[in-house]
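Peer 1: Chains A and B are the protein sequences, given in the same order.
Residue 161 in the numbering used here sits at position 161 of the first sequence, with consecutive numbering throughout.
Residue 197 in the numbering used here sits at position 197 of the second sequence, with consecutive numbering throughout.
The set of hints was computed from the structure by calculation and includes no laboratory data.
Certain hints may be false.
Treat identical chains as interchangeable: a pair holds within one or across any two.
Think about it this way: if two alpha-carbon atoms lie no more than 35 angstroms apart in a straight line, the pair counts; the simulated DSBU-like pairs of lysine-lysine are [what the hints assert, rightly or not]:
| # | residue 1 | residue 2 |
| --- | --- | --- |
| 1 | Lys-426 | Lys-76 |
| 2 | Lys-246 | Lys-377 |
| 3 | Lys-97 | Lys-426 |
| 4 | Lys-11 | Lys-426 |
| 5 | Lys-177 | Lys-377 |
There are 2 protein chains.
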Amino acid sequence: MLQAVSEVPTKAVILAAGFGTRMGRKPKGLLRVAGREIIHRTILLLSELGVSEFIIVTNEEYSTAYTEFMRTRNVKGRVITNRHPERGNGYSLHVAKRHVTGSFILTMADHVYSRDFIREAVRGRGLIADRGARFVDIGEATKVKTVNGRVVDIGKEIREWDAVDTGFFVLDVSIFKTTERLAREKLSMSLSDVVREAKLPVTFVDGLPWMDVDTPEDMKKARRMLVRTAVKGRGDGFISRHLNRKISTWISYHLVEHVGPGSMTAVTFAVGVLSALLNLWFPPLAAVLYQFDSILDGVDGELARARLETSKFGGYLDSILDRYVDGLFIALLAYESVSGSLWYLIVLVALLGSVMVSYSTERFKGAYFIDPYDVIKPLRYLPGKRDERVFIAMVLVLLGLVKPFFGLIAVLTNVRVAATVYLAWKRSFTTENYLMNMKYLMKEKEV
Amino acid sequence: MLQAVSEVPTKAVILAAGFGTRMGRKPKGLLRVAGREIIHRTILLLSELGVSEFIIVTNEEYSTAYTEFMRTRNVKGRVITNRHPERGNGYSLHVAKRHVTGSFILTMADHVYSRDFIREAVRGRGLIADRGARFVDIGEATKVKTVNGRVVDIGKEIREWDAVDTGFFVLDVSIFKTTERLAREKLSMSLSDVVREAKLPVTFVDGLPWMDVDTPEDMKKARRMLVRTAVKGRGDGFISRHLNRKISTWISYHLVEHVGPGSMTAVTFAVGVLSALLNLWFPPLAAVLYQFDSILDGVDGELARARLETSKFGGYLDSILDRYVDGLFIALLAYESVSGSLWYLIVLVALLGSVMVSYSTERFKGAYFIDPYDVIKPLRYLPGKRDERVFIAMVLVLLGLVKPFFGLIAVLTNVRVAATVYLAWKRSFTTENYLMNMKYLMKEKEV
Numbered sequence: 001m002l003q004a005v006s007e008v009p010t011k012a013v014i015l016a017a018g019f020g021t022r023m024g025r026k027p028k029g030l031l032r033v034a035g036r037e038i039i040h041r042t043i044l045l046l047s048e049l050g051v052s053e054f055i056i057v058t059n060e061e062y063s064t065a066y067t068e069f070m071r072t073r074n075v076k077g078r079v080i081t082n083r084h085p086e087r088g089n090g091y092s093l094h095v096a097k098r099h100v101t102g103s104f105i106l107t108m109a110d111h112v113y114s115r116d117f118i119r120e121a122v123r124g125r126g127l128i129a130d131r132g133a134r135f136v137d138i139g140e141a142t143k144v145k146t147v148n149g150r151v152v153d154i155g156k157e158i159r160e161w162d163a164v165d166t167g168f169f170v171l172d173v174s175i176f177k178t179t180e181r182l183a184r185e186k187l188s189m190s191l192s193d194v195v196r197e198a199k200l201p202v203t204f205v206d207g208l209p210w211m212d213v214d215t216p217e218d219m220k221k222a223r224r225m226l227v228r229t230a231v232k233g234r235g236d237g238f239i240s241r242h243l244n245r246k247i248s249t250w251i252s253y254h255l256v257e258h259v260g261p262g263s264m265t266a267v268t269f270a271v272g273v274l275s276a277l278l279n280l281w282f283p284p285l286a287a288v289l290y291q292f293d294s295i296l297d298g299v300d301g302e303l304a305r306a307r308l309e310t311s312k313f314g315g316y317l318d319s320i321l322d323r324y325v326d327g328l329f330i331a332l333l334a335y336e337s338v339s340g341s342l343w344y345l346i347v348l349v350a351l352l353g354s355v356m357v358s359y360s361t362e363r364f365k366g367a368y369f370i371d372p373y374d375v376i377k378p379l380r381y382l383p384g385k386r387d388e389r390v391f392i393a394m395v396l397v398l399l400g401l402v403k404p405f406f407g408l409i410a411v412l413t414n415v416r417v418a419a420t421v422y423l424a425w426k427r428s429f430t431t432e433n434y435l436m437n438m439k440y441l442m443k444e445k446e447v
Numbered sequence: 001m002l003q004a005v006s007e008v009p010t011k012a013v014i015l016a017a018g019f020g021t022r023m024g025r026k027p028k029g030l031l032r033v034a035g036r037e038i039i040h041r042t043i044l045l046l047s048e049l050g051v052s053e054f055i056i057v058t059n060e061e062y063s064t065a066y067t068e069f070m071r072t073r074n075v076k077g078r079v080i081t082n083r084h085p086e087r088g089n090g091y092s093l094h095v096a097k098r099h100v101t102g103s104f105i106l107t108m109a110d111h112v113y114s115r116d117f118i119r120e121a122v123r124g125r126g127l128i129a130d131r132g133a134r135f136v137d138i139g140e141a142t143k144v145k146t147v148n149g150r151v152v153d154i155g156k157e158i159r160e161w162d163a164v165d166t167g168f169f170v171l172d173v174s175i176f177k178t179t180e181r182l183a184r185e186k187l188s189m190s191l192s193d194v195v196r197e198a199k200l201p202v203t204f205v206d207g208l209p210w211m212d213v214d215t216p217e218d219m220k221k222a223r224r225m226l227v228r229t230a231v232k233g234r235g236d237g238f239i240s241r242h243l244n245r246k247i248s249t250w251i252s253y254h255l256v257e258h259v260g261p262g263s264m265t266a267v268t269f270a271v272g273v274l275s276a277l278l279n280l281w282f283p284p285l286a287a288v289l290y291q292f293d294s295i296l297d298g299v300d301g302e303l304a305r306a307r308l309e310t311s312k313f314g315g316y317l318d319s320i321l322d323r324y325v326d327g328l329f330i331a332l333l334a335y336e337s338v339s340g341s342l343w344y345l346i347v348l349v350a351l352l353g354s355v356m357v358s359y360s361t362e363r364f365k366g367a368y369f370i371d372p373y374d375v376i377k378p379l380r381y382l383p384g385k386r387d388e389r390v391f392i393a394m395v396l397v398l399l400g401l402v403k404p405f406f407g408l409i410a411v412l413t414n415v416r417v418a419a420t421v422y423l424a425w426k427r428s429f430t431t432e433n434y435l436m437n438m439k440y441l442m443k444e445k446e447v
């Protein structure tokens, strides 16, 4: 599979010659969704996979804007002008002819793709088509009919079809024989005309998030798609799945154009510390704010993923701060509500267990260099994760059951740690060797 | 470097035809050092690097013993009998002729090698020689004189020499032309004769632990070498480097033949829990036992590495149990010595900080898939590691300064965590991209 990475073409042609009339005549590729120009998303995601040169084909009117975009965003490649955009997007492809050699990726400036989609699509050949398009307006979409892995018909109005054209292609220069001929024969030629004539092979990439943007309504839809698919999920507990994420994605949807993940981490930490401090005056309010902070805690990650601004340090800092908010909340709630050494002993065990839940997971990653949730399935369903603990805190504090809360957390968390260790032990018989080899190979590469 | 792994020969010939007269006439390869037959150590270490077939050449007397060894230890390969061991170890090599093709490793059953040595040596060519032999009795050693990367003279008594023969060779079948000729011409032929005649190329692997075993005294020396080089070091604090390790290696030296790392982890945990419980009756004794447990804590790892019994789960369990011993010690010491909510608040912060020191390190590994001590050098010198905290606990509790102990730990640990995060943040600018690529490549391989 390592080889597949090097097979990804190093050049991409992006068609951006449309006038975006339904958008009020704007260069659609430069519109921002989730804080970034649509075209910049595609360029970043392709760059991750080894594409290093980008040819943007646009019209004379938008040429300066795209040139400026490439300069400020530091994108390698060039802007080419199609002086006859009225001749169709097939002609825009033709215009790129002199600027590519070998194989290349062809895609559209006004399509919003997820990382998952692009990662699969670059490995395909010919037209990338989707048999399970989830976010696309099928009425508006270009459909394709395939036979034996090749396009036999394509268009918006065709009656029989198998899949939807994703606007993503992996081509080589032989396509220009077709564009050459069509350019001679026809005044206007759509990309669909080129595809049909060339009888392109089809690769199916089904059900992964992508969509095209034609109207202001589509912009909102794209934003929603990016936020919804930015939920990490792995490691989420019951409360997170059924409550917190529903609210956090709503918040993220409204913030994603304006707020970066770093600021959000800071706000979340501040709210968390505030909730802990509130225990000194009014624990019930503190508990409610703590639960609200637990919802907010999902937002920075969602923003980061939707905006393509994830960073390892961001995730690292977020985890450390979460532990401190939890520790501080427990410590100050105890300070206000508990007396007597025996109860403090229970509080200390509860605090220890709370941090140990996270430690036992992270130490696993540190040892095996793999996410325990990937290899130990039951871990996902074991209770005691942060979202669940916070929710329990809110409910029990509101009911005035502070001491039972500490008792319950002391038991729940430490039982979870014991179960984690037990599952790791059971698992270690089968994975130890495989993982040892993996790590060894990694070490080799680091040298 | 990945390629180099696949270049390691898949066969190894191990010479074991000597009678071990200075050992009281025993098959030396089957003597145990650090809980394992010497020859089994070499076989395990070579197996890790891809060697999959082993040819043991022995005499008629020891043939049954080595055959039985291969069967019980599940070693792939065969035992070959040299019916004329009196003709020398050069002749033993010659006997293996019909059983190897292409390139192969040649080594000695009575040599004890460290993993580091073997990892380097398998990448060499010809005779592996050591210009900085640390554990070898130079008077007894076979020396080599090299010119332009080839052996020009070899022997125990030669006057001029550059390096010591390590008993490890990477050869190919062309060596049998030399053995063939010598076998015809001479009655007795040592391996040195073969090396000299063949003018073998030399690869230097300098200063890494290895030694040969001739006498009972050598057995002790080898055991000491394996225990000493089994100290992990990385992540050790000041107290560990200057006190704990000196004692733990002494303990390990005396236990390594008899006790496995798993039992040692259990004993260490039990002693730790006992030290925590002792706080309820006599804190000074508890504190001393806690420091003793901190010394013991190094032993299981040393035993595991010396005995080649390391396991990821073992390391994982050990870390989890350490956190619980620390948490329990703090909790029970507080239970016995502290009253008043404010002091308990400080105790809670101290407990939180103690676990967070480890969490911040492990979460870093989980995020970056790399050991923070490898990439953030100042972390090694920041105080607040476990060995230092335990020592501080002992000193302050013995001085009756329990409350200052909690205050100091509360500050020290959390400052260390803050410093760790700060260093990770500073570091993230330079490593983020590199590590992202690394992780991406890893993912590819997992598929």
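Peer 1: Does each hint fit the structure? Answer for all of them.
Peer 2: Each hint, compared with the structure:
no., hint, verdict
1, Lys-426 to Lys-76, "between (50 angstroms within a copy, 28 angstroms between copies)"
2, Lys-246 to Lys-377, "within (24 angstroms within a copy, 42 angstroms between copies)"
3, Lys-97 to Lys-426, "neither (59 angstroms within a copy, 45 angstroms between copies)"
4, Lys-11 to Lys-426, "between (47 angstroms within a copy, 34 angstroms between copies)"
5, Lys-177 to Lys-377, "neither (52 angstroms within a copy, 58 angstroms between copies)"
In summary, the structure is inconsistent with hints 3, 5 from the numbered list given earlier, while agreeing with the others.
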